Structure formats: C-alpha cells, structure tokens
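Peer 1: Protein chains in written order, with the numbering used here: chain A, 11 to 367; chain B, 11 to 367; chain C, 11 to 367.
No wet-lab data here; the hints were simulated from the structure.
Treat the numbers as computed from the prediction; the structure is a model and nothing was measured.
Cβ atoms here follow ideal geometry from the backbone N, Cα and C, with glycine treated the same way.
Some clues are possibly wrong.
As the list claims (entries may be wrong) - Derived, one-sided and incomplete: chain B residues facing chain C with beta-carbon distance under 10 Å:
| # | residue |
| --- | --- |
| 1 | Leu14 |
| 2 | Pro16 |
| 3 | Asp101 |
| 4 | Val332 |
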Amino acid sequence: MTDLLPAAVATALARVTPWDDAHFLTGLEPGLEGHNALLELAVAIRSEQQALARSRPLAGRVFAGMFFDPSLRTRASMAVACAKLGAHFLDLQPGTAMWTMEFNDEVVMDGTAAEHVREAAAVLGRYADAVGLRAFPTRGQWERERSQPVHKAFAAHAGVPLVNLEGPFAHPCQGLADALTLRDLFAEPAGKRFVLSWAPHPKQLPVAVPHSALWAAASQGMEVVLTHPEDFDLDREALALADGLARQSGGSLRITHDRDAALDGAHVVYAKSWGALSGPASTLGGHADVIASHSDWRVTEADLRRGAPARFMHCLPVRRGVVVDDAVLDGELSSVLDQADNRVWAQAALLLALLRR
Amino acid sequence: MTDLLPAAVATALARVTPWDDAHFLTGLEPGLEGHNALLELAVAIRSEQQALARSRPLAGRVFAGMFFDPSLRTRASMAVACAKLGAHFLDLQPGTAMWTMEFNDEVVMDGTAAEHVREAAAVLGRYADAVGLRAFPTRGQWERERSQPVHKAFAAHAGVPLVNLEGPFAHPCQGLADALTLRDLFAEPAGKRFVLSWAPHPKQLPVAVPHSALWAAASQGMEVVLTHPEDFDLDREALALADGLARQSGGSLRITHDRDAALDGAHVVYAKSWGALSGPASTLGGHADVIASHSDWRVTEADLRRGAPARFMHCLPVRRGVVVDDAVLDGELSSVLDQADNRVWAQAALLLALLRR
Amino acid sequence: MTDLLPAAVATALARVTPWDDAHFLTGLEPGLEGHNALLELAVAIRSEQQALARSRPLAGRVFAGMFFDPSLRTRASMAVACAKLGAHFLDLQPGTAMWTMEFNDEVVMDGTAAEHVREAAAVLGRYADAVGLRAFPTRGQWERERSQPVHKAFAAHAGVPLVNLEGPFAHPCQGLADALTLRDLFAEPAGKRFVLSWAPHPKQLPVAVPHSALWAAASQGMEVVLTHPEDFDLDREALALADGLARQSGGSLRITHDRDAALDGAHVVYAKSWGALSGPASTLGGHADVIASHSDWRVTEADLRRGAPARFMHCLPVRRGVVVDDAVLDGELSSVLDQADNRVWAQAALLLALLRR
C-alpha cells in the first residue's frame, strides 16, 4: 500500500506507532505521542487529498459504521473520509433495517432480540477491516454506562479495530478533529487559554463531547479551564485523564463555577451543553427551567470580545439562541465549520493508520 | 481532470459555460444555450460510459443527496450517475436517521429542531462538492412554497452548487432527462407537437414535474400544448417561463381545456396529474371524486393513435388504470423507461459540469 | 474485462457456463456443474482479493439490492462483494424511503400503491446490471408463496439477471456460501454425513434456508440426513430437488423424526428452525410451547461429540440458549463465522459471472 501514498503521507504514517489492540474507544489509546502523530498525518492527507483520491490507497478495504443512534456529521464525514482514500463505507443502522441485538451473556434468547453481539460483531469483523460504533448512553445509569459496555462488547468480539463514533464516555473522532482545529488556529496552541463552557439546552445531553474536548485541548498543552454551574460535574475519571494529559504536555486544568473569571483571557471558548450525570432518566423535558435559570450561560459576542478576540468552537448540531447567539455563529470568530471539516481529515488519518497492512 | 475524459466528452464539456452561482434550482439557470450544451454532454457521456467507468474523472469528489421526501428513481439514478463517473454519492435521509432541522432565522431553538439549516447546509458544503435536495411543498401554502424556500435556504448556506432533486416549483433533473428523451425520439424535435395532458390521480400531486416538462419541450422548439380541466391551472410564472423559452427557441405554447383538440396531431402525449394549486391542505382523500368525474382524462391507446402514432411519456411512478391504461405502458409507444434511463445521463452531465475544477 | 482479472480468476470464470435467462431464484439454475464452477470461482476470487481490489474488474457496473425485509449479513456481504470487485452496490429499502408497490396485473391503482412492479423492476433493470431482491413470504399462504411470485414478477420485468436475496422457497446465496464452507471443511465432502436438524425458536421462521442448505449438501455428494419433529415437513418439491441433486452427485437424502439416530456419525450438524408450512398466519407468539416441548432439539456440545467431533453450522442470526448452547457457538467446532464470511466470496463469484460482458 505504501507505494500508493504521496511521500509526505507515507512519512507521517510511518510515525504513527501501532498501539495495543488497535481499538479507539476513548481516543487516548495511541498515547500522547501517537495522538499527535495522527494529527500530523491528518494534515498531510488534507494537503495531498487530490493525489490520494486517484491512488486510492485503501481500495478494497471496508469500514463498517454501526449507528444505534442518529448521526449527520459522523456518518457523512466517515463516508467522505473513506471515499477520499478509496475505502468502502458500509453504513449500517440497526433498529431500522436490521435485527435488534442482545448484549448480555448466558441469556436464553427467547425474547425480541434476534442476534447476539458476539455473532453480530464477529461477522462485521469478517466483512470489515475496522468497525465503527455509535451508541448513546441510557440516562440514569451512569455507573454502568461510563465504561461504554456496548462498545466494549463489540470490541471484544469484532476481531478488528473498533472505532467509537460516540459513546457514553467519549467521542474520540470529534476530539481528534478538535485537536486538529486547535493546531490550525494557533501556530503554537501550548499555553493558550482554552475554556470549555457549559451551556443551556432543552435536553439533558451526554458528556462524551465535553470529555473529548477537554482531552483534545489538554493534549496540546493548553491552559484548560472548565466552567459549569454547580451540579454539572463531568465524570471524575474523565477529569483525571484530562489532568494527566495536561501535565504530560505542559498544560494545566482548572475547574470553576465562576464563568466570568473563566472567560477572562480566553483564546478559545468551546461551548457545550450536558445534563447532570446524576440526573433523572428523562432525556427531554424538565430542562426548560434550566434554560430559563441559566440563560446567562449562553455565549454572546461580548463573551468573545473581552480582550483579544477569542475563537468560538462547538461540535454541532447547535441550538441557536439557546446555546449561543446567532451573531457568534455567523461571525468571523466561529470555527464550527472548520471543526466539522476536520472530522474528515482526522478520521482519514485514523483509517489509514488502522487499515494499513 | 480533463486528461481523464474521452475526447468527445471533453469537447462537449468545454461547451457548457459555467453559469452564475452554479445552482440548479429551476434548471433554467444555464440559459437555453447552456441547457442544450448539457444535453449534448449527456449524449457524449452515454456513448463513452465504459471508458468513463474506468478513468473515473470525478474520483474523490462527493455529491450529497438530502432527501426530505421519498425517492426511488432520483436516488437510484443519482447514485448510478455518480458511480459511472467515479464520484461518491452521499445518501442522506433526514427525519429517519438524522436530526430535524430549523429553517427560520433568528429563532430561539428550544423546540424539537436540533440543527439549523445554516449549519447543516454549510457542513454538507464542506463535505460535498455539490449538494442535492428533495423537499416537497406543504399544500395550501402555494404563495410561500412557489419560491422554493427550503431549497433557497440550502443554496444560500451550502457554499457549493445546490441541485434541486424536486422542489415545489421545479424538478429540473427530470426536465433535463425529458429534454434528452425528446432529442432521442426525434431527429428534429422543433415543430413537433408536444401535449402535456393532465390526468386523474387519487392524490393531489405537486406541479414540479409538469412545470419542468413544459420547459423541456419549450426549450426544444416544440409546439407545446397544455391541456387540463378548469381549476387546474399551473403557476402563472411557470407558464410565463415556458412561453419565453418557446419564443426563444422558435416554438410555441398554447393552453386549452379541450383535451380532444389538444390531442389532434400530437407527436408526444406527456401525461401527468397534479392537484389544484388553490386546493385544500389535504394531500390524500377527497380526490376520489376527481377520478370518477375526470376518468375520460386517462390516456388510452386510442388517444395515441388518432393520426400518426404519438409517443407516450410520464415521469413515473404512474398509477396504472387511473392515469393511463396498461396497454399504453406495455405497448411500443411508451417512452417511460427511456425517460427513467436518461435521468442517469442527464444528471451525469450536470455533475461533470458542476464538479469539474 | 478479462484483462483485469488475475489468471486464476479468469480461468475459473471461463468454466462458468452462462445459464438460460441468467436469473438466480432457487440457485439451481446453473445446474450442478455450473454450481460447482461458481464455487471454484469463489475460491479463486478469495485468493486473489488484493489484486482484484486494485484492478476493479466490475468498475461502472451496478448491483441493486431491493430489501422488502430486514437484513444484516446479506446487505453487508453484498455491499462488500461489490466493493471487492469495484462494482457499485445500490441499496434500496422500499417501505422506508420508497413507494409501496403493486404486484397484481390489470389493477386500477387507486389505493396506496404508487408504483407497479412492471415499472419499478424495469427501471431498476435500466439502472443496474443485475437486481437482488429480498422478500419473505406471508404466512398461511404457502401454496401461493412457494412459487416466489414477487421474485418472479421482478425477474419477468427487470430485463437483467435477478438474484434472490432470500425468498419464500430458497436463499440461494446462503446455499452457495454453505456449499463453499463444506468444501473448505472437507478435502472431499462426498460421502460425509450432513445432518440438517430442526431447532426450536420463538418465531415461525421461513423454510428458505433449510431448503437451500439441503441442496448445498446434496450438491456436494454428501450423505444428507434431515431430521425434524412431526408436522415440520419441508416443501415436497424442495425435498424432491434435494433428492435429485443427491442422486446426481453420488450422495443420498434420508428423512427421519429420530434425532438421535440422525446425529450418529454426523460430520456436520446444521441447525435451523422453521415453522410448520401449514401453520397459522401469525409469525410470532403461540410458539413458546414449541420451545418448551422441543427443548431437547437444542444443539448441545454433547450432540457434536458422540463420535468424531462434528462441525456446527448455522446461517445466523441465531438465538443462543434456544437453538444452540453458547458453548457450541463459542467452541472450536463452530463454523458459523466462516459461513458468514463465505457469503462475500460466493456472491462475488455470482456477480462476476452475471456481470461479465
């Protein structure tokens, strides 16, 4: 395959050391060095995209995407990443056109589930060279969900690398793209202040993106500030991981409920809503009061222009007028489209690293 | 890319002058000359399809199709057109596997819509080199729908060419294929009589296809006759556009409620049903009486054999025994399969024109 | 195209004699010799998969898969088979994103069906070089369903080869893969004992797979033993076909209700559940008692280890603890993943044979 790669891509690929078991469940598996090597590979692929479209280095390779939950950007960007490298994207949406699935072991399957993950994952692993999986958590069961049990079951039985396309604990493809965007924004991200700011939202959203965003910024040696109202703590282990990455890369992590203090001196404001981890099972409703009582957490243009203008980041989709003002999204400080665009190149780098032989 | 094209295709492509903003919302954007250059390009691609399948001139390019409403022919023919040229077809069906979408500006998005068209369209425009969109009109709101607001919103924010895969006012891909079919049928379509004849149907169907069919025939200099019962007028502006095209190409447009007179001397009978533009909001039901009272508008073989046999055209899908007799569809005068087939080549021409660099 | 094939593949392909009308509805159309030539082609393709992925012998060709019923393995394996040969897989799921369809002739289509199979099939045949179709039977109408009327209607009107992706009477792609698996398991399958053993299941499943499994084993000259409880007879014609194949290939077919006697000396135990052909229309429920009263038909490890260990086969998806014990599926005697894997190569052979020009 290497002879099909432009020299810059081949060189960058060679610097990505394969990691144990080759899964990508939190995105931290490659280690800090491996993670940053993937980012350099993404830059090389982006530069050489026309040559790659013709040489098709992954021709005949298959990436299967299993979506238990809805997706626009992730499906589309994975399909495009595959297309750019000549791989085939196998788009699977269980629950619509497919069988329901059993995840527990030693169960007598006389109910509605027609297939066990042991067979489903293993068969996909025969058809595909890597398997992607999206499955959101069931609310109200955080202690169980935080270990990403559905993803782990697929990883255990697929026999090929498992890529998390958003799980309960992490959204590592988003994180990789966000780290790439931070590198694009700043010649030297290290030392710049990155503020992850909680935002109001009508739904109690998962914490996968804020976790991955923290790790992305921490991996670049940034001064990471996390700010949210009381009762919206992120997962303790996710915070410990962010702290460890920050120490390793020369950055720092600070957590505060004082939004004003957090925004001072920010180079980046990354807005994201999430529900309390200990909250009730309902994912919709009951949160209207949160919007009303926390409307001052909505990002405004003034928030970005306290000092040197800060860049605005968000993973999308975003609720205008709730999470952030229209003026911010439509203004020159928004990086949200670059974040979405970088999904393609970050994931293409991951695919190339996982599917090389 | 040009070095990947057979000479006949390269020559035909060079004759398609790029048009302002590169959108294809009514299909009239390229102008009469550009429209006919696209048809010649379609013929060249059809002839050289085997060479193109191997050279893959659009390798690495992506066409995204966004289907808010159901589709068989359009999805399939766009997928095939992409495959024939080596492009990737990104098939997106919002409402099924994706987020619902907000189209109004300056709205506080605290309801069910999770994403605004401004972000959705802009992100698709980052992932795809052109975006296709299907969205049918809401009945009973013609004055609003006739401007194709959803398509315009996507076109405004996508940042890449927007191709209408059927909207309220036009179905330009069908129109382009129909014009190609007319050229295939007649060495010289100019002066031949093209009759667009309203037909009964249990649903109040949109007017996009009859509009585009009128423009297709008018663009070929045909003697266009539109016939329908009272109360089924097409849109005033659509008729004006047809009249303008007819004048420009040496043809004519005539409208009559006298179906018998219209069919006399017809070379083509294009059947199509549509609901009254001023009709009630219901799209199904209440139309059974229309079938009963207008059953003489169903196309029979006798209709086609009054003089020299006329060809039968319809965009499909078609209700047998309601719109047209089985004998017509199964007989030698039917061109409906050629129309469907030409969707591939007409759209391939459009893709090549839009995605060349 | 032949110049794009590795020599071993070209040689094997040349040995597959085209058969009348080129459909693949029961899988028996190529005849015994043709069937076995397809298996040798599958082996050649599997060996040369890397070269084929680069040369893409079916570039520009389209295979359309029409799924009226859910599918994981068949959709995925067909998509992968296409990708391995460079063909485009057009994945169509009517009833979700498409129009409902009329199958009866001379009907006035004033109901819900918007399109007749005559047009739908013919249009697909214009877009695709071969069409695949999955449609399960309606229970309680076996005398009508056994002739696979929906498949026959598509085959009659498509104008291109029609591949059965599971119908009421046969699942020939599964059968081809199973025959390939039997050849992989045994240097010489002829004379080995193949036991098709009915199994309990909460649903009254179709008989397509057991029919095709019988034919697969019979075509390899095996000693085929079919065992099931009373009232679960397979179709009379399907049994006659199996008997004919067995005679032609030097094998045999025996049917018994005595499961113990059947399992003695088995080299392969192929488990599969099916409902009684004369049973009521309900496909779910009422079968719980069948599980309870026939739990001794569940395959255990002891069943496989009566003498020389027998291999376990099943088409998947499989109900653990109902059809078969976990220990069997997770043990070294299971061939279920190889069966699933061989779907790709069996179907790739079929595609290459059907789509060569």
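Peer 1: None of the hints should be skipped; say for each whether it holds.
Peer 2: Hints versus structure:
no.	hint	in the structure
1	Leu14	violated, 13 Å
2	Pro16	violated, 13 Å
3	Asp101	holds, 8 Å
4	Val332	holds, 5 Å
In this structure, the hints that do not hold are numbers 1 and 2, in rising order.
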